[in-house]
Amino acid sequence: MTARRLDAAGVIDRARALQFSWDGRPLTGFVGDTLASALLANNVRIVGRSFKYHRPRGIFGAWAEEPNAIVDVENGDSQEPDARATVVELREGMAARGVNARPDVAHDRYAAIDWLHRFLPAGFYYKTFFPDWHRYEPRIRAMAGLGRVATTPDARRFETRSAACDLLVVGAGAAGLAAARAASGAGLSVILADDRIAPGGSLRWRDGMIDDQPAAAWAAATAEALAAQGVRVMPHTTVFGAYDHTTFGLLERRSTAAVGWSEDRLWHVRARRAVLATGAIERPLVFPDNDRPGVMSADAVLQYLRLYAVLPGTRAVVATNNDSAYAVAVALRLAGAEVTIAEARADIPPAARAAFDRDIRVLAGSTVLGVIGRDGVRMVDLGPADARSAREATLRVAADLVAISGGWSPAVHLHSQSGGKLRWDAATAAFVPVAPRPDHDLAGGADLAAALVSGHEAGCAAARMLDRACTLAPPRAEPTAPQAAPRALWRVPIRGARQWVDLQNDVTTRDIALAARENYSSVEHLKRYTTLGMATDQGKTSNVNGLAVLAEETGRAIAEVGTTTFRPPYTPVTLGAVAGMRHGALYSPWRRLPAHAEHVALDADMRDYGSWFRPACYPRTGETVPQAIRREAMAVRGGVGVFDGSSLGKIMVCGADAAQFLNIVYYTEIANLKPGHIRYALLLRETGVVQDDGVVARLAPDRYLLSPSSSHTQSVLAHLEAWRQTECPTLRVAMHDVTAAWATFVVAGPRSRDILAPLTDIDLSPSALPHMALSQGRICGVAGRIARVSFSGERSYEVSVRSGYAVAMWRRLLQAGTAHGITPYGVESASLLRAEKGYILIGVDTDGLTLPGDLGMSSPLRTKQVDFVGRRSLLMPDARRPDRRQFIGLLPEDASDVPAVGAHAVTRGQDGRLRSIGWVTSACHSPALDRSIALGMVERGRGLAQAGAELELFHLGRVSRARACPPMFYDPAGTRLHD
Amino acid sequence: MTDLARLSVAAQLGAADPAAAAPGVTVRLVDPGALFLVTDPASDLAPNERRGESPYRLWHAPDRVLMIGGEMPSAGFVSDVTDGFAVFDIVGPRAVDILAMGCSLDARGPALAPGRCAQTIFAGVKVLLYAVASRDSYRLHAERSLAAYLLEWFTQAASALP
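If you're matching them up, the sequences are chains A and B in order.
So the first sequence is residues 1 to 979, counted in my numbering.
So the second sequence is residues 1 to 162, counted in my numbering.
No lab work stands behind these hints, which were simulated from the structure alone.
From a predicted model like this one, the values you see are computed outputs, not experimental measurements.
We put the CB at the ideal spot given by N, CA and C, even for glycine.
Do not take every clue at face value.
[To be verified] Covered by chain B, according to a simulated footprint, are these stretches of chain A (three or more residues, beta-carbon under 8 Å):
# : segment
1 : 772-784
2 : 803-813
[Stated by the list, open to error] From chain A, some residues computed to sit far from chain B (all C-beta separations above 12 Å):
#  : residue
3  : H134
4  : R135
5  : T152
6  : E159
7  : D357
8  : S389
9  : A446
10 : A469
11 : E560
12 : G580
13 : A585
14 : V653
15 : D737
16 : L769
Using the sequences and the hints given, assemble the complete structure.
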């Protein structure tokens, strides 16, 4: 094994060595290395095991196209599973491990699976394990999959950014740099993004002169000049998706350059136009045993030589069907390697002259017929490219490296994602992008001069479309001799031998042939049946070869077979980058009550209710949550409690036609409500389903205050606005959401009046302020209002003041109530109090099918004189079915047993089978009754309740009994309420 | 019967001043004076327009404006929402960077030009956003109940700026 680091050249910083480890072995690399280049420099040949057959695999590519080098990377306290070693920047202390092997990739005990390959054809799982998949699944799942997912929190931090520009240029190679240069020169704001660590693309490793400078120097100088004139140059940034409205998703990796805490950044870029200068990906040649470690993409070999000063092998076979590999052969020779070229074309092309000049042997009409060496290339059989048997090999050469080039596939991913079309170009044997979207331009070319001109023209075209003039002259490169046409060579026609098309998912030409025989002739079916192109590399190197083989097998032209659909992302995007800052405390926007700090100071058990953070209850030292809830509920029944209801919605409705409008949108009659009074009202959807309940207060003839449920305020507001704007545009009415401007505290209990009366100038006597009335005045000296409504069944006052006074008001109420034993109570306690009264909670006791009649509220349908939202639906036969589920109370037979919420009420059929007739929606232990109670929705429930019928409740195999009753357990006459 | 103390949003949250800062940008919770929602069919503001100095008005919806500062107007349907908003001022040459982390509007684009105001989603919540004096100074109104969340968001976002 003979890969090694050269003494000179490359962009690595030899003064700064980095220690890292591979499968536990300590190794050394340099700043500027990728993990892959450092592994190659250390002569690590096997970096992975193939997905299905567990064949040893080596590094194949040099960047995003890599199918083999899938590794787990640990960097301090962050872990990245299934990273491609070719794109991982090497860092000090990095620990990398191979995947899909036990104990490690060099000695994988599953390697024996490869001997069974005859029994593991395409569709093996479908053919073997169905219909009893579930029996085999656990074992197969345990074996499948690649990397190990970290179980500890990721220490990396991510952020998301938005950016806007006139022009986004994707790719900073020759074409992209020329495009950005032209557009920026014309005055456009430009973002230039490239996924490599530095701009320049292939200019960084391919020879050439631009404007009398070496190409690599020109690229660096141009990128620097562009940045200086305001272009946002973004290296190490993958444009992974093209979306509507010229919006793009970008993933910026900032591993070593990171400052602040953020590493990967996800960018949403909205551009007015885009230039796609994404270059091309080299295709492999397909031949028997082409997956051996040491078989590499020729262009990747050149990159390792030029960028990282790594010579991947000292005895190289370069196999090609096109001109681009000759520069690789020459570079290998200059680095000291022995080189043999297998040229698939019968005629030696003019490009071969450079090879002859270096005394490199070129075998015309030849390709690789076999590779010997289980754990890495040892010998290579060469022979005629149209050989039908391995015995036709004419030459066996000792080799440790096979550099292959099967032609180039333009990276059309973004173009195709955005709806652009592809055309099969037989001359270059490639799918080329045509008919881009109107706001996209394409740039690129197979030779340097053409790429520069194409890029420049795309930049100028973008400028012209945005009304700018392009004045710069294009960058100039010497025209090169025209390239000879490549020979389309999709595989060696040797039957029987395994030739890999998709290295990552272990798909061979035999699998494709089998799929074709089984009539999977559509390329999309082929993909799913064989998993061709479905691995994490998304077939970057395998798609075209695969569909070309399918075309041969089905006797069609490649253009006829077509391609599979390209979808974002181009390369995998870390979920952390998608989440950005939206985790932990910022997981979702949560709302806080204005007196939040007061509740926290009282050790409230704060919980998430809808988007609000609210006290569930206030447990005292040594008290459990159920004990606290019981204590708080009993305090309200027996004395007085105070509840922070600031999250309750507050919508002001005003206008001469306000009464008429509300009468249309509410189920309950509103128009005849008198000023100063309050009514409980239901809001329905057009389907008749109950959307929300709440109270409506009439402040003045033309002014109402609505109080929707805390978590429904925004949807109720949207519903009302929709009806106002689209169905009632002629009504003079308007709405203001004032929810956050007001704090509301509920003082409830027999002694509530004693506490409040001294604090306010509002007359609280039952005659002046009866139940369901409201009055405005001053409370503790500040303007506010007191509404007498009750969700607890006790006499209860809702005190509202502006939010700025919330903290002071809360403290004042507690202070004023000290002598009366005032007890703060939370949402859970309030919910218990309402359950005792049988008051519904929308969304808890009701669901998306509940009609008002199911809740026993059918009188508006009978008596309301005007049409209202949902009325028609309530007249439909389904709404009048006698067997609808209805809201009832349930008294468990065992008074100490609280039934589970969700427990089913069941009947037994003739055959003894249970049938659900409804379920429990709320259940608790009632302190007032000192027994368990429940609420539920049950078929024909009201009849059962009237009869006091016994019901069976079924939950997780357990059966209990309960008696149906009206949904009102406490003070049915409501005397306490009105007291 | 003594008067109650009225807390500003900053005081209610115990927020520092500035609430968050990074080189080139400071974020402050400010008290811009009284805020009134005014619905008046006679309103002359164009959509997303901002007009006036002190008081000034922001277009809020058809026929509806948010008035900032000044006395309660007498015409139209008026709601005092002074206590309903948390108002953040984001000031400095790097204000645009912190805005780019929270919303997709181009801080240098037409939507946030002087004389304009935008209703948009910022850090996942509904806000009113506009440039105050220059393109280095922005003001953001959000529901008061979301102030603590936004404060945490600005603190984390500021720490991400180099």
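To see whether the hints hold, each was checked on the structure:
{"no.": "1", "hint": "772-784", "in the structure": "holds (count 3)"}
{"no.": "2", "hint": "803-813", "in the structure": "holds (count 8)"}
{"no.": "3", "hint": "H134", "in the structure": "40 Å, holds"}
{"no.": "4", "hint": "R135", "in the structure": "45 Å, holds"}
{"no.": "5", "hint": "T152", "in the structure": "21 Å, holds"}
{"no.": "6", "hint": "E159", "in the structure": "5 Å, violated"}
{"no.": "7", "hint": "D357", "in the structure": "51 Å, holds"}
{"no.": "8", "hint": "S389", "in the structure": "61 Å, holds"}
{"no.": "9", "hint": "A446", "in the structure": "37 Å, holds"}
{"no.": "10", "hint": "A469", "in the structure": "23 Å, holds"}
{"no.": "11", "hint": "E560", "in the structure": "42 Å, holds"}
{"no.": "12", "hint": "G580", "in the structure": "8 Å, violated"}
{"no.": "13", "hint": "A585", "in the structure": "5 Å, violated"}
{"no.": "14", "hint": "V653", "in the structure": "9 Å, violated"}
{"no.": "15", "hint": "D737", "in the structure": "8 Å, violated"}
{"no.": "16", "hint": "L769", "in the structure": "18 Å, holds"}
In this structure, the hints that do not hold are numbers 6, 12, 13, 14 and 15, in rising order.
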